[in-house]
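*Asks:* Sequence:
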Amino acid sequence: MVQTPAQVLYPDSDGKPMAENTVQYRWIVRLVTNLKRLLKDQTAFVAGDLLWYPVKVEAPPVPAQAPDAMVVLGRPAGDRGSYKQWEEDNVAPQVVFEVLSPSNSAREMFAKQAFYGQYGVLEMYFYDPDSYDFWGYVRDHQAQDLSVITPLNFPWTSPILKIRFELYDDGLAIFHPNGERFKEPEEYIEERNQAQQERNQAQQERNQAQQERNQAQQERNQAQQERNQAQQERDRAFARLRELGIDPNQL
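By the count of UniProt numbering, the sequence shown reaches residue 251 at its end, each step adding exactly one.
No lab work stands behind these hints: they were computed from the structure. Certain hints may be false.
Under the rule of at most 30 Å between Cα atoms (straight-line distance), these lysine-lysine pairs were calculated in the DSS-like manner [as the list claims (entries may be wrong)]:
1. Lys36 <-> Lys162
2. Lys183 <-> Lys162
3. Lys183 <-> Lys56
4. Lys162 <-> Lys84
5. Lys112 <-> Lys36
6. Lys40 <-> Lys112
7. Lys36 <-> Lys84
8. Lys183 <-> Lys112
9. Lys112 <-> Lys56
10. Lys84 <-> Lys56
11. Lys162 <-> Lys112
12. Lys183 <-> Lys40
13. Lys84 <-> Lys112
14. Lys40 <-> Lys84
15. Lys36 <-> Lys56
All chains should be modelled from the sequences, with the hints used to inform the complete structure.
*Replies:* The structure is reproduced here in structure tokens:
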């Protein structure tokens, strides 16, 4: 298939794997899953390992990075082959996350930091799940210098997302604003399944209660029919007695 000039300049893939190992992969999926859950009621675009093109150019080189996770507030969720900023009202990602792998060099991380700083990211966080090293940079607006964040600042709360970072003996933990720890996707699936089971059980109980109410009503109706029938039989018997000249009230 012949590629268009735009596809040549702005491919949807950089040819690199999403993750180099299962630890990095789990972290990326965990971040994207929880960030989407956090922002589900807001206008926000969350993506993992998606190429971000901040500026449109006529010829190479083309500035681009693929953050392990990124958050763009003010842009709608939905599928994209890449994030071309000039097609997104020129809104840059406000928050990005990088999960390091063994092959990542210090030079590569410095280049990412410089790129994110140059193109308007307000918060960037870097974490090595093998060494537990963590650092970040934040600022209030794009024209401001970035301030460094290290574990010395912990517990640290993201000014934009209000999520909390803490470092324990077994590594980094991130918490939702309500205090709930970032969970694995399968935990949310289990919770959703459990909630569905509880809803199904509650519906079954409501159905059972309705059946019992219906049964009770049927029994009341049956009892009323029997009373009506008994009354009709008495009325016929009394009428027969009167035909015979007998006053039923005298019996």
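*Asks:* Now, for every hint given, state plainly whether the structure supports it.
*Replies:* Here is what the structure says about each hint:
1. Lys36 <-> Lys162: The given pair, whose Cα atoms are some 14 Å apart, holds under the 30 Å limit.
2. Lys183 <-> Lys162: This hinted pair holds, its Cα atoms lying about 17 Å apart.
3. Lys183 <-> Lys56: violated, 37 Å
4. Lys162 <-> Lys84: The hint holds at about 27 Å.
5. Lys112 <-> Lys36: holds, 23 Å
6. Lys40 <-> Lys112: holds, 28 Å
7. Lys36 <-> Lys84: Roughly 20 Å between the alpha carbons, so the hint for Lys36 and Lys84 holds.
8. Lys183 <-> Lys112: Holds, at roughly 27 Å.
9. Lys112 <-> Lys56: holds, 19 Å
10. Lys84 <-> Lys56: holds, 8 Å
11. Lys162 <-> Lys112: holds, 23 Å
12. Lys183 <-> Lys40: Given pair Lys183, Lys40 holds - Cα atoms ~16 Å apart, limit 30 Å.
13. Lys84 <-> Lys112: Given that 30 Å is the threshold and the Cα spacing comes to 18 Å, the pair holds.
14. Lys40 <-> Lys84: Measuring from Cα to Cα gives roughly 22 Å; hence the hint holds.
15. Lys36 <-> Lys56: holds, 28 Å
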